[in-house]
Amino acid sequence: MNWDIVIGLEVHTRLNTRTKLFSSSLNAYGAEPNTQANLVDLGYPGVLPVMNEEAVRLATRLGLAIGAEIDQASRMARKNYFYPDLSKGYQISQDDRPIVNNGSLSISTNDGEKTIRILRAHLEEDAGKSTHSFRPNQSGIDFNRAGTPLLEIVTEPDFCNATEVITYLKKLHHLVRYLGISDANMQEGSFRCDVNISLKPKGSDTLGTRAEIKNINSFRFIEQAIHHETERQAELLESGQSVVQETRLYDADKNETRSMRSKENAHDYRYFPDPDLLPILISQADIDHEKQGMPELPWLRAKRFSESYALSDELIESLLRDRHHADLFESILQENPDLPAKLVANWICVELQAIAQRFNSSLLDSPLNATRITELLSLLHKDTLSSSGAKTIAEALWESTATPSELMSKLNLAQLSNDDDLLSIIKIIINNNPEQAQDFRDGKTKLMAFFVGQVMKASKGSANPKRTTELIRKLLSA
Amino acid sequence: MTIPNDTIDHIARLSHLKLSDQDKIRLAKNLGNIITFIDQVNAYEIPNPQASHTQEASQPLRPDEPFRSDLERDLIQQNAPAAEEGLYLVPDVIETSSE
Amino acid sequence: MLHHRSLMQLHDSLKSGEFSSLELTTHYLNRIKQLDGTLNSIITVSEDIALEQAKEADQRIADGKASALTGLPILHKDIFCTKGIKTSCGSRMLDNFVSPYNAFVVQQCQEAGMVMLGKSNMDEFAMGSSNENSFYGPVHNPWALNNIPGGSSGGSAAAVAARLTPIATGTDTGGSIRQPAALCGITGLKPSYGRVSRYGMIAYASSLDQAGPMAQSAEDCAMLLQTMAGHDPRDSTCSKQKVPDYLASLGESIKGKRIGLPKEYFSEHLDSHIADTIHAVAKQLESLGATLHEVSLPNTCIAPPAYYVLAPAECSANLARFDGVRFGYRCEDPKDLNDLYERSRSEGFGPEVKRRILTGTYVLSSGYYDAYYLKAQAIKQSITEGFLSVFNNNIDCLLTPTAPSTAFPLGNKVDDPIAMYLSDIYTIAVNLAGLPALSMPAGFDHAGLPIGAQLIGPHWSEAMLLNVAHQYQKTTDWHQQIPDFADSINT
Chain A
0 MNWDIVIGLE
10 VHTRLNTRTK
20 LFSSSLNAYG
30 AEPNTQANLV
40 DLGYPGVLPV
50 MNEEAVRLAT
60 RLGLAIGAEI
70 DQASRMARKN
80 YFYPDLSKGY
90 QISQDDRPIV
100 NNGSLSISTN
110 DGEKTIRILR
120 AHLEEDAGKS
130 THSFRPNQSG
140 IDFNRAGTPL
150 LEIVTEPDFC
160 NATEVITYLK
170 KLHHLVRYLG
180 ISDANMQEGS
190 FRCDVNISLK
200 PKGSDTLGTR
210 AEIKNINSFR
220 FIEQAIHHET
230 ERQAELLESG
240 QSVVQETRLY
250 DADKNETRSM
260 RSKENAHDYR
270 YFPDPDLLPI
280 LISQADIDHE
290 KQGMPELPWL
300 RAKRFSESYA
310 LSDELIESLL
320 RDRHHADLFE
330 SILQENPDLP
340 AKLVANWICV
350 ELQAIAQRFN
360 SSLLDSPLNA
370 TRITELLSLL
380 HKDTLSSSGA
390 KTIAEALWES
400 TATPSELMSK
410 LNLAQLSNDD
420 DLLSIIKIII
430 NNNPEQAQDF
440 RDGKTKLMAF
450 FVGQVMKASK
460 GSANPKRTTE
470 LIRKLLSA
Chain B
0 MTIPNDTIDH
10 IARLSHLKLS
20 DQDKIRLAKN
30 LGNIITFIDQ
40 VNAYEIPNPQ
50 ASHTQEASQP
60 LRPDEPFRSD
70 LERDLIQQNA
80 PAAEEGLYLV
90 PDVIETSSE
Chain C
0 MLHHRSLMQL
10 HDSLKSGEFS
20 SLELTTHYLN
30 RIKQLDGTLN
40 SIITVSEDIA
50 LEQAKEADQR
60 IADGKASALT
70 GLPILHKDIF
80 CTKGIKTSCG
90 SRMLDNFVSP
100 YNAFVVQQCQ
110 EAGMVMLGKS
120 NMDEFAMGSS
130 NENSFYGPVH
140 NPWALNNIPG
150 GSSGGSAAAV
160 AARLTPIATG
170 TDTGGSIRQP
180 AALCGITGLK
190 PSYGRVSRYG
200 MIAYASSLDQ
210 AGPMAQSAED
220 CAMLLQTMAG
230 HDPRDSTCSK
240 QKVPDYLASL
250 GESIKGKRIG
260 LPKEYFSEHL
270 DSHIADTIHA
280 VAKQLESLGA
290 TLHEVSLPNT
300 CIAPPAYYVL
310 APAECSANLA
320 RFDGVRFGYR
330 CEDPKDLNDL
340 YERSRSEGFG
350 PEVKRRILTG
360 TYVLSSGYYD
370 AYYLKAQAIK
380 QSITEGFLSV
390 FNNNIDCLLT
400 PTAPSTAFPL
410 GNKVDDPIAM
420 YLSDIYTIAV
430 NLAGLPALSM
440 PAGFDHAGLP
450 IGAQLIGPHW
460 SEAMLLNVAH
470 QYQKTTDWHQ
480 QIPDFADSIN
490 T
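Residue numbers (numbering that gives the first Met the number 0), protein chains in the order written: chain A, 0 to 477; chain B, 0 to 98; chain C, 0 to 490.
Bear in mind the hints are in silico, worked out from the structure with no lab data behind them. It should be emphasised that the depicted structure is a prediction, and the values quoted were computed from it without experimental measurement. Note that the Cβ used here is the ideal one computed from N, Cα and C, for glycine as well. Treat each hint with caution, since some may be false.
[Stated by the list, open to error] No more than 30 Å apart at the CA atoms, straight line, and that leaves these computed lysine-lysine pairs for DSSO-like:
| id | chain 1 | residue 1 | chain 2 | residue 2 |
| --- | --- | --- | --- | --- |
| 1 | C | K82 | A | K128 |
| 2 | A | K128 | C | K241 |
| 3 | B | K23 | C | K412 |
| 4 | C | K241 | C | K64 |
[What the hints assert, rightly or not] What the simulated footprint calls covered on chain B by chain A, stretch by stretch (three residues with Cβ under 8 Å from a Cβ of chain A suffice, anywhere in the stretch; the number is not a length):
| id | region |
| --- | --- |
| 5 | 65 to 75 |
| 6 | 86 to 92 |
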């Protein structure tokens with residue numbers, strides 16, 4: 000029997016705030032256990048939550064980016080359940096009034112563009128972390144992560160296969176990073192995905208029973224988990240059994256999903272509005288302000304780059320991978336509009352990246368700002384610098400405050416590109432080697448290398464090889 | 000009104016309260032009376048319901064600035080029934096996951 | 000008889016140097032030692048801290064840096080977190096809990112230079128109207144030792160009444176300041192919701208809980224409220240409303256004040272002696288120039304059931320943090336995680352707390368939410384509007400009984416939760432509406448037990464309520480009556 004696969008996603012992305020959602024302790028990864036858990040994070044008696052304004056702003060930003068409605072009076076609710084890593088016995092989340100409603104993201108599929116509807120995105124606090132069997136039969140609980148701000152982004156069940164899911168996730172992952180909403184580091188659990196999967200007979204309108212696979216944190220595992228779960232459900236249905244509505248955990252080592260028995264107790268979260276927190280009122284002015292401060296969305300920028308600069312799709316994608324790179328690209332072209340866009344893009348995405356990697360750093364953290372790069376690329380473009388000379392200077396720029404021109408003189412890397420100067424050297428070489436000149440004229444064009452080499456030697460390596468070749472050919476064919 | 004045992008078991012499980020059989024017998028009656036009492040809200044028709052005029056207060060927002068409390072972990076953990084190497088100890092959880 | 004003096008008089012004496020804060024503090028500590036064995040109004044006496052704070056206060060007075068409250072002893076309800084000494088909330092669950100921080104209210108009192116005598120007994124997690132739900136045993140009413148003092152701030156009320164402290168703090172979720180104040184013959188004020196920060200006050204029902212002063216007089220309440228009230232950014236529900244000078248307006252005439260008597264509070268079920276007493280208060284206020292008006296609050300009777308939906312719902316979540324993991328009671332040798340949770344909570348909580356957690360869980364559980372919680376919220380809204388429409392109709396404040404009966408004998412209602420819940424029938428609606436209200440002594444019944452009168456005002460009208468009560472107390476002496484028990488020792 001053939002099945003249609005129906006998939007919906009819930010993505011938890013950790014917001015890029017300095018502090019937690021309801022407390023002033025640090026939202027940072029990797030500290031000593033329980034050193035970033037204050038009394039609010041630990042759910043101490045008598046303490047109260049106070050909302051972080053930056054989290055509200057970032058949620059609004061995501062909402063605007065996906066064309067959603069922002070609820071101007073959203074509110075927090077308590078979701079009640081017991082778990083050792085949940086300090087208060089309830090999670091502060093949102094229920095009936097999420098901050099973001101009815102947005103969408105469009106993805107490219109083999110059948111063209113497809114719109115994935117995003118039902119809602121809501122703010123909530125993360126739980127702590129358990130270390131299983133930290134002592135014999137004892138788990139150790141660390142509340143450093145407790146209270147860190149998450150945005151849970153929930154789609155409609157609009158996906159038909161794993162490829163669409165991965166395309167969407169990559170686009171969303173890129174978007175939240177691009178907009179500075181989240182660092183979305185998957186190893187650190189800052190971008191986690193729950194997948195709801197069900198099968199229905201091909202063409203049927205009725206949805207099947209779904210299983211939820213929780214907390215998968217790599218694109219590859221998500222793909223594997225979907226394939227595995229689809230097969231599991233198909234086998235069940237084809238052998239006349241039924242799918243149980245439940246939460247399953249993906250085990251990457253065994254490539255299987257299994258039921259989470261510990262959570263089998265019927266879920267009854269008893270949501271109700273958190274009386275410690277008031278409605279989050281967002282004015283239209285706040286929304287407009289956020290809209291104005293919002294960077295151009297990556298897909299719109301890609302379209303503009305393609306139209307204005309005639310760059311390849313790959314190069315555009317590469318430029319937009321990091322908003323800072325795309326910004327640099329545009330700043331450099333603004334400083335010197337004569338520079339070819341492709342040269343600039345290539346330098347940002349390839350050459351400078353390679354150097355950044357050697358320094359174990361990034362362009363953003365480097366001393367190479369738009370002005371310095373513009374000057375460097377302008378020297379290269381005017382042929383005052385050779386390509387290898389430019390790389391040498393770029394590397395030097397990383398550890399120096401000098402300008403590219405200063406470094407060029409200091410390192411003696413200026414290229415001889417002036418025709419008059421080059422011609423005077425070339426003429427001497429030709430005069431000194433009449434036999435080779437005659438052989439060249441008779442068709443022994445391989446001798447070009449000989450002449451260029453001689454010119455290089457005479458110019459102590461500073462001659463522009465490209466121009467030198469052109470001038471030699473011109474002289475000897477005259 | 001007496002509350003059925005399975006309802007009491009269900010809400011006790013959700014509340015993580017362990018009830019002895021004796022507790023349950025007493026509670027079945029007590030809770031039954033309480034629920035009959037609060038059932039009045041269910042039946043109550045609000046006379047002349049008015050649109051709410053009260054200006055809803057707004058959640059104050061806190062600037063995103065870290066504040067390091069002077070309370071060190073070890074001091075806080077003096078209240079912990081079981082903690083080692085900075086971690087709170089509980090009997091092992093069968094599956095590890097968070098919501 | 001030092002302890003017969005009001006807070007204001009004690010302040011004057013400290014200022015004039017008649018005695019030191021250390022002498023005053025020692026006097027009260029002695030009274031506690033001699034009398035509280037009988038009353039059981041205090042869970043923890045903080046003698047060392049008190050003596051130290053008294054010495055600091057004396058220094059401050061000597062340096063001319065004293066505020067109105069410097070050097071004056073106070074007792075805090077054991078629901079307020081106090082750094083360095085046990086904060087039990089009347090529960091076995093927190094019998095071993097030492098808070099690492101001070102509640103806002105405690106901090107304010109400390110900064111004003113007050114001397115903390117200790118932590119007063121209370122119904123476990125503030126759930127109760129008789130103080131019989133304390134892990135530390137019941138509190139006895141100093142007017143009749145076999146009777147209850149009211150609850151949940153019964154320890155604070157009994158201690159002030161017996162003059163074991165000149166003043167105390169309390170909290171009021173459904174009447175927990177006013178009802179014990181009435182039953183013990185003292186003055187207690189529940190401020191408007193949001194007037195006093197809830198930071199560090201262990202939550203029972205967060206949308207209703209409010210801290211306030213419990214004292215010998217309206218004037219003393221005004222002195223303490225001045226320090227308790229104010230904005231605190233750590234409590235999102237705490238108001239930025241300006242705090243007026245409560246003492247400044249006490250002396251104003253109440254001529255022309257329009258006092259409303261809501262007819263629903265004077266039904267035929269009301270004990271006739273209590274009804275007569277409240278009417279006598281009305282007459283007295285009238286003689287001071289106020290005018291009396293019958294008004295109607297049609298939703299009054301539905302307030303208690305609505306309260307017993309909302310408060311348990313909130314408490315079922317608020318008390319989920321007591322799980323034996325990070326603080327508080329943990330059962331012996333848990334066999335697994337579930338056992339750890341269930342036994343720690345079952346052994347740590349008393350029966351009334353469990354009842355309310357179960358009730359709250361029930362009303363929030365799937366299928367019941369709309370019928371109970373949402374409906375109760377609508378009723379809360381409707382009750383608020385009922386009050387506001389009376390106040391908008393030129394009524395300045397309402398006068399009602401505080402409690403339907405005087406202090407009943409210990410054990411009388413322990414097996415009947417509904418009868419117990421109805422002890423708060425006149426106080427609950429005020430919490431649902433978030434209004435300020437105070438209870439003041441207004442007379443005695445045939446058995447010599449105190450009767451309280453309640454004044455209710457619109458939001459942020461604490462100054463007006465204190466003014467009315469003060470004018471009443473200037474012309475009556477009910478608030479100066481002291482139980483014989485208080486003078487049963489020579490100090």
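Each hint tested on the structure:
no. : hint              : in the structure
1   : K82(C) / K128(A)  : 28 Å, holds
2   : K128(A) / K241(C) : 43 Å, violated
3   : K23(B) / K412(C)  : 20 Å, holds
4   : K241(C) / K64(C)  : 25 Å, holds
5   : 65 to 75          : holds (count 7)
6   : 86 to 92          : holds (count 7)
Hint check: a violation occurs at hint 2 only; the rest are consistent with the structure.
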